[in-house]
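Q: The listed protein sequences correspond, in order, to chains A and B. Going by the numbering used here, the first residue of the first sequence is number 1, and it counts up by one from there. Going by the numbering used here, the first residue of the second sequence is number 1001, and it counts up by one from there.
Simulated from the structure, these hints should not be mistaken for lab results. Beta carbons: idealized from backbone N, C-alpha and C, even for Gly.
To spell it out: a stretch of chain B is covered by chain A in this simulated footprint if at least three of its residues, at any positions, have a beta carbon under 8 Å from a beta carbon of chain A; those stretches are:
| hint | stretch |
| --- | --- |
| 1 | 1018 to 1026 |
| 2 | 1067 to 1074 |
| 3 | 1084 to 1094 |
Spelled out, the chains give:
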Amino acid sequence: MSEDWQAYVRRIEELAARSGLKFHPVEFEAVPESFMMEIAVYGLPVRMPHWSFGVRYIYQLIQRHMGHSRLFEVVFPGNPGHAYLAQNNGLAENILVTAHVLGHADFSRNNLLFRRCQGQVSERIVEHAANHARQISEAIEAHGAQRVELALDAALALEQHIDVDQSLRRERYPEYASDQKLLVDDTFRKRFAALEQAPGGAAPEARKRAPVPPHPERDLLWFVANYAPEMESWERDIFLAVREESFYFYPVFATQIMNEGWASYWHARLLREADFIPQQAYVDAIKCHSDVVRPIAAESQVALSINPYHLGFSMWEKIIERDGLDAARSIMEQDDDFAFVRNHLTRELAEELELFRYRARNDGQITVLEHDLNALHEAVLAPKYNFGAPIVSAAHVRNDGTLELSHDSATDGRGLDLERSAKVLGYLQRVWRRPIVLTTVNQAGSALELNAP
Amino acid sequence: MDADGGKRDSQTGAAKWYELFSRGARDWLRHDEKIRAAVRDNLPDIIAGADLANEGARTVRVPVRMLEHHHFRLRRADESQGAGQGKAKPGDVFTDPSKEADGEKGPGGREEGEVQLLLEFKIDDIVDWLWEEMQLPNLKARAGPSDATDWTREGWDRRGARSRLDRRRSFKELVKRRGAPGATPNFTDEDLRFRQLARRRQPAVHAVVFFMLDVSGSMSDRDRKLAKTFFFWVVQGLRREYRSLETVFVAHTTEAWEFNEPEFFQVSGSGGTVASTGFNKVRELIDARYNPGRSNIYLFYATDGDNSVSDAADARTALATVTADTCFTGYVEVSSGLSRQLATETGRLFAELQAAGCAAGCYALADFDAVWGAVRHFFSAENEAPAQP
Chain A
1 MSEDWQAYVR RIEELAARSG LKFHPVEFEA VPESFMMEIA VYGLPVRMPH WSFGVRYIYQ
61 LIQRHMGHSR LFEVVFPGNP GHAYLAQNNG LAENILVTAH VLGHADFSRN NLLFRRCQGQ
121 VSERIVEHAA NHARQISEAI EAHGAQRVEL ALDAALALEQ HIDVDQSLRR ERYPEYASDQ
181 KLLVDDTFRK RFAALEQAPG GAAPEARKRA PVPPHPERDL LWFVANYAPE MESWERDIFL
241 AVREESFYFY PVFATQIMNE GWASYWHARL LREADFIPQQ AYVDAIKCHS DVVRPIAAES
301 QVALSINPYH LGFSMWEKII ERDGLDAARS IMEQDDDFAF VRNHLTRELA EELELFRYRA
361 RNDGQITVLE HDLNALHEAV LAPKYNFGAP IVSAAHVRND GTLELSHDSA TDGRGLDLER
421 SAKVLGYLQR VWRRPIVLTT VNQAGSALEL NAP
Chain B
1001 MDADGGKRDS QTGAAKWYEL FSRGARDWLR HDEKIRAAVR DNLPDIIAGA DLANEGARTV
1061 RVPVRMLEHH HFRLRRADES QGAGQGKAKP GDVFTDPSKE ADGEKGPGGR EEGEVQLLLE
1121 FKIDDIVDWL WEEMQLPNLK ARAGPSDATD WTREGWDRRG ARSRLDRRRS FKELVKRRGA
1181 PGATPNFTDE DLRFRQLARR RQPAVHAVVF FMLDVSGSMS DRDRKLAKTF FFWVVQGLRR
1241 EYRSLETVFV AHTTEAWEFN EPEFFQVSGS GGTVASTGFN KVRELIDARY NPGRSNIYLF
1301 YATDGDNSVS DAADARTALA TVTADTCFTG YVEVSSGLSR QLATETGRLF AELQAAGCAA
1361 GCYALADFDA VWGAVRHFFS AENEAPAQP
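All chains, please: the whole structure from these sequences, using the hints.
A: Written out as structure tokens, the structure reads:
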């Protein structure tokens, strides 16, 4: 790690604070590139072991060998935040990255979605995840690697199936169906009910057991952990640990365009304003910046995906230019990517950035479609709906413990991939330990049932 | 594992945990293990397709795809929409670079390139798995008197060569003698213990396998390759049992010759088939080189089954002289066309042999998938001699 760079950190922090960024302190650490790669693969510096991470690791390794990707930094929001920088970054890169990290730190401290999820998970996710990893290695000691792996297979397969609108430490459903809807402050009904009982005396215990679940439940990790008929307690813990980590990952996922754009905007701006940076470092850093936010790989004319850094960066520039910084900050605080793109990706900007919509056929033929701003928004956002996963909810648990899952194919537009879904049911069945039925639709749109076993 | 561990260590200057330990590699190894287990479960199918081209190779390469950890996903739509960026007008049509031939992932591609692994398996491991998997009986070895002697460690003595001094043992003796803790140990000669060696006679576990191949005009290249694959696994199986295994390769048409291994599989002859020449050649070689009392002799014969009609009687006698000394005689009928189910000249010959209670087996090998079936057939036949399924 270059000591030169350390000397700049504090000055960049001061400059950032003067420019109105509000962030928790960030601990910077320079680590070897191999470790950076692992953090990127696992999503957290220390995380539970699972073979699927090994597969991602190899992909990442191959990508790196082919020179496709290079990691400059990984940052973990929290108080204090943790930022890991690659040891082989140059001075210019490190200066850029420091500014970028502060942009992220500002974002994660002030964005509502981040604040809400951090309020649930706590600001010390890095430590929590390390605890989970330890808890799991204890489980491996106690129950054997294979059994733990089966539980992790199931839990990690459902990692996107959470409901961030629910509390992380969510209560079980009420045992009994409540009497006619008791509205929150319905004092009249309460008094009336009290009156009615007094004269009759022997009010029959007509309490009705609530069905489980009382409504279709999308928080599958929580539901399985709480209602699986024969689950071991350490398996429940694994499910809840995975769920907690998913709560942490959700805001990162759902604000990627805004967050990366915001950080890119700020690293560019802080760099411009930092007169204390040597000229050469500044030029190098700006080169690095333009590599990061370039929309299209140098050698091609069109890209079939949108670089979130570029899109977010351009949108923030536009917003701040047009409405000023204060307006931008309040957008940053309140929106997630869905609101951000739908409200602020304007027709002019889309034209300026040469964004387009296309239809891809299975044989690889791609047709560029008519301009349509709303449809473009949805095309950008489509991969982000529902944490990027199909909407599958627990519909019912039968008397014999059979779990009924149902896929909302009407919203998702088509049915599930049967082969994969059957595999997931297989994983899940090993912890649910009773039959599982999943309804979805086939190619023709008619209902279809998948069974495990 | 502890998130703060790194920082604490950095103050003491020690290496940080992440420099000593790669989680990615650990989980990758686990994936590797899983994939090997999966390969193992499907072994017979896989070895049928494995390429055993290079002679003397101790490993087999098997191409496998990486395992996928499955999630719920939507089925592939016939058409999907996406958003892109660049110079493109409505109505433009182009092809997705990620789907172009040769799969080199284009810079603007949308899909992750598929990665194939080429796993290398030790043939010994595969054979071990197969034997476990199929619960094959081990071959009965015919033990002869020892040729080689072997030294094994056996006991201790107070005298011996310096290099065989057993320090731990000697020290124990010292402690026993002195009894008192804390006293300065002083070794005396009585304390010293030396490891002793004893001569042990090894039973002969020596085997000779004769591979006899019909290379007459009627045997196609494919037939020969089939026979070769089969022979390969037979060698592996026998090698598992015998510390020293010799292979002898005999090819015949109307004459018979001995070949070395590489040449053996290249030979192609022409003309008719006279099986008796082959059997006689084997007999000759046994007499010349091996003592049936001390070696376990195996004969495997691969042919398409057509033998010259005039040779029938000769072949029967010649075969009888050979089987008198072999532990086991296997007959593989390779017929790439329709399988005639051993209803051939030579097939009948071996069927008679089997009926007479000789240690012999027959198998009709029609394609590469059946190779493993043949191996299994012979190796269980060695003990039980079941009829061909």
